[in-house]
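Asks: Spelled out from the first residue to the last, the chains are:
Protein chains: 2
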Amino acid sequence: MIQKLTSEERAGQIAQLHGWQAAANRDAIERNFEFADFNEAFGFMARVAIKAQEMDHHPEWFNVYNKVNITLSTHEADGVTQRDIELASFIDSITA
Amino acid sequence: MIQKLTSEERAGQIAQLHGWQAAANRDAIERNFEFADFNEAFGFMARVAIKAQEMDHHPEWFNVYNKVNITLSTHEADGVTQRDIELASFIDSITA
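From first to last, the protein sequence lines are chains V and H. With the first letter of the first sequence counted as 1, position 3 gets the number 3 in the UniProt record's numbering; the numbers rise by one all the way through. With the first letter of the second sequence counted as 1, position 36 gets the number 36 in the UniProt record's numbering; the numbers rise by one all the way through.
Looking at chain V on its own, in the form it has when it is part of the complex:
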């Protein structure tokens, strides 16, 4: 079973990502994205969805028009794991 990261590990990993932060009230990481319009926002979500399915690791996310908020956590570990960092890194790579 995958282990959740320690606070130190999590902080170290977040520091290497772009714009991600620890969620306020739970062991998760989150980032807000803003795009030109809905077309661009949903196109981004489609790319993340395909990657998430491939990883069998899915985001929690909210969208309204050009804005997307993504929260990542690993249910079975009840916290942030390397899987979340991997998905966050992919997301960063397509929004550079």
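It is worth saying that the hints were derived from the structure and are not from the lab. From the three backbone atoms N, C-alpha and C, an ideal C-beta is built for every residue, glycine too. You may find that some hints are simply not true.
[Unchecked claim] Cβ-to-Cβ under 10 Å is the rule here; a few derived chain V residues that face chain H:
| id | residue |
| --- | --- |
| 1 | 46 |
| 2 | 53 |
| 3 | 75 |
[Unchecked claim] Within a straight-line C-alpha distance of at most 25 Å, the following computed SDA-like cross-link-like pairs (lysine to any residue) qualify:
| id | chain 1 | residue 1 | chain 2 | residue 2 |
| --- | --- | --- | --- | --- |
| 4 | H | 67 | V | 46 |
| 5 | H | 51 | H | 34 |
| 6 | H | 51 | H | 16 |
| 7 | V | 51 | H | 47 |
| 8 | V | 51 | H | 62 |
| 9 | H | 4 | V | 46 |
| 10 | H | 4 | H | 34 |
[To be verified] Computed from the model, here is a short list of chain H residues facing chain V with C-beta under 10 Å:
| id | residue |
| --- | --- |
| 11 | 46 |
| 12 | 60 |
| 13 | 63 |
| 14 | 69 |
| 15 | 90 |
Please build the complex by placing chain H on the supplied structure of chain V, with the hints as guidance.
Replies: Below, chain H without anything else, positioned relative to chain V:
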């Protein structure tokens, strides 16, 4: 400019939809959906996204794995309008 529905109009329209209800703290309608898995949930979202873009009327929505919550309201009218009912009816038609 599109006018928001009166309380009576809104209630009448909601009664003809499936599973939609008035949102708790704002003039909006919402519905929760549950699918077999993420593939089915995101496929549903893609169909709604294409319709929304065609209508130039976009949802606020949240997804985690097989669950989708959709809130509809019309920004420029600051409340529920016929556009929301139209999009809700389309969504109902693809989830029957």
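Asks: Indicate, hint by hint, whether the structure satisfies it.
Replies: Against the structure, the hints:
no.	hint	result
1	46	holds (7 Å)
2	53	holds (6 Å)
3	75	holds (9 Å)
4	67(H) with 46(V)	holds (16 Å)
5	51(H) with 34(H)	holds (20 Å)
6	51(H) with 16(H)	holds (20 Å)
7	51(V) with 47(H)	holds (19 Å)
8	51(V) with 62(H)	holds (18 Å)
9	4(H) with 46(V)	violated (32 Å)
10	4(H) with 34(H)	violated (29 Å)
11	46	holds (7 Å)
12	60	holds (4 Å)
13	63	holds (6 Å)
14	69	holds (9 Å)
15	90	violated (16 Å)
Of the numbered hints given earlier, the model fails hints 9, 10, 15; all others are met.
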